[in-house]
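**Student:** In case you want the letters, here they are:
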Amino acid sequence: MAGDSLYLDPQIRDWVLFPITLVMILVGVLRHNIVQLIASSPKKLSRAATREQRALLRAQILRSTAKSSPIPPSYYDSHTDELTAAFKAGNYLSKPVELDQDGKPIAPNPTSMLTDPAAMEGMMGGMKNQAVMMIPQMIIMGWINFFFQGFVLIKLPFPLTLGFKSMMQRGIETPDMDVRWVSSLSWFFLNWFGLNGLYRVLLGNDNSAVNQQDLASSPFAGAAAPAMGQPQDYNKLFTAESENLQLAQGVYHWVGEDIDTRILRRYGKLAA
Amino acid sequence: MAQAITLSSALNDLSTARTRGYRDSNEIVRKGLFVLEQKNGLQQLGDNVWDFLEQLAIAALDIGQLDLADDCIHRLDEQFPKSMRVEKLRGMRIEAQDLGLALQFYEQALEKDEANVDLWKRLISVLRQQNKIERCIAELDSFLDTFYSDIEGWLELADIYASQNLYTRSQQALSHVLLLAPQNPFHALRFAETAYSANDVPLALRYFLRTIELTTDDESGASSVGVARRAWFGVRLCTKHLLSNPGAVSESNTPPMKKENLESLDILAAERLTAAYSSTQAKTSVPGRTEVLKWLSS
Chain A
82 MAGDSLYLDP QIRDWVLFPI TLVMILVGVL RHNIVQLIAS SPKKLSRAAT
132 REQRALLRAQ ILRSTAKSSP IPPSYYDSHT DELTAAFKAG NYLSKPVELD
182 QDGKPIAPNP TSMLTDPAAM EGMMGGMKNQ AVMMIPQMII MGWINFFFQG
232 FVLIKLPFPL TLGFKSMMQR GIETPDMDVR WVSSLSWFFL NWFGLNGLYR
282 VLLGNDNSAV NQQDLASSPF AGAAAPAMGQ PQDYNKLFTA ESENLQLAQG
332 VYHWVGEDID TRILRRYGKL AA
Chain B
8 MAQAITLSSA LNDLSTARTR GYRDSNEIVR KGLFVLEQKN GLQQLGDNVW
58 DFLEQLAIAA LDIGQLDLAD DCIHRLDEQF PKSMRVEKLR GMRIEAQDLG
108 LALQFYEQAL EKDEANVDLW KRLISVLRQQ NKIERCIAEL DSFLDTFYSD
158 IEGWLELADI YASQNLYTRS QQALSHVLLL APQNPFHALR FAETAYSAND
208 VPLALRYFLR TIELTTDDES GASSVGVARR AWFGVRLCTK HLLSNPGAVS
258 ESNTPPMKKE NLESLDILAA ERLTAAYSST QAKTSVPGRT EVLKWLSS
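Just so you know, the protein sequences line up as chains A and B, in that order.
To get the numbering used here, take the position in the first sequence, counting from 1, and add 81.
To get the numbering used here, take the position in the second sequence, counting from 1, and add 7.
These are calculated hints, taken from the structure and not from any lab test.
One or more hints might be untrue.
Simulated crosslink set (BS3-like; lysine-lysine; CA at most 30 Å straight-line) [what the hints assert, rightly or not]:
no., chain 1, residue 1, chain 2, residue 2
1, B, K95, B, K128
2, B, K301, A, K350
3, B, K89, A, K209
4, B, K119, A, K176
5, A, K350, A, K169
On a predicted model such as this, the values are computed, not experimentally measured, just so you know.
Just chain A, same shape as in the assembly (with noise of 0.2 Å):
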């Protein structure tokens, strides 16, 4: 085969082949401690948004136990109704609602978050830590592509279909070329991708390091997601869930419902 009689000079294996490796574990781990640096500590949240925040989880919760419910009718229908009460009436709400001249409450306006200092604080930060992943691949990539175009750096010990060879040889326009070599753009892009499992060993779990983020989100779509602290609706969440309560309680059964023939069964006092 024509691959078999390349032979590659042990120096591209010392000054491009390690160099680019290694540089791109550095960068890596600077890009983790410059996102320590930058990241802005968490906003502190009055009692009003907490409260806001997690009232719906008390509606969950009572909710999600209702097939089994561990708590008797009584009690489960009082929890209910001062539930649904309090979300009818908007008490969750951090700020009151406001209502329009027909007296309907009026959506808050989804471009204010344009506005919002707050909300746009968030979105900056998004951006901050976008520009510090992307910034440093790109500067590698143009060293690359400057000084080592073109060059073939290692081959692949086993073998790959035809298919492979624009992953493998970008930058390379051969047609007959074995797929196992491997051009220098794409050694970049395998670490790129690559490095997420030892970024994981080097800096632990929750490293800022690891790439899925500036794949997955762009600033815009970060900022979409509720965990961003986009402003939610919650008078409508919490009418939702007041209604949910209320088919929740048509599927409620009280655990202690028919515990005595459980238990006369389950110590052999009763024919089962």
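Dock chain B against the given chain A, drawing on the hints supplied.
**Tutor:** Chain B alone, transformed into the frame defined by chain A:
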């Protein structure tokens, strides 16, 4: 303990105590001082050194070794000047000497970060220590309204109500505990006993049975132990009461059980308890055994 402690065993015990939340303050201080005296004791802890100092500070406050606590808090303060956790320790240090000052301290600290769970809980605990029950309940109510899933908080509220003989209210607080930790037999037992105190015997009986259901106590075991045995005592008390007063009122409108089931349960409870008090070991060493057996056969 007579046997000498080694550094590794001390560190190991301390870390277990940290993760499981033991309150064995004497031991913790003894072992903590030992670690501090070793030359490389603190280095061995690595990143855990701050957790260790926090643990030691709390244990030292618990047994009144204020100098040691001061030392720990000082070290932590140098490392984390703005930390709310250190703030809490400082508050606890003040608590050790002056509750009134501590209350002010917590109030001021909460103004800075009003939704801080730790500080808020300390504030509530100070109020209870000062016996300001009314304000304590008000604060605890508003705390639980915000942090609903705090089981400790609900248990505390139930305890406060029970200490004021408000058993129905206590039951209400416990019902939230049951929702949050339905798998825990101790909570079910507590609910049952509170219901019994509130004179809601039919409900109490069901929860004593529920407690037994939640434990691993079963036929194959020769006798009931621990929480199950206590629950069997409760069952027996309830069945006796219900068999002699068939029309017992239930504030929670719990439906009465069938008479034959009640009778079987009565016999079953007596059987389980008699078995527990009939082992050879119990015959010689359990005080009050004859009284229990007499009650069981009545």
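**Student:** Against the structure, test the hints numbered earlier, and report the numbers of the ones violated in rising order.
**Tutor:** 5
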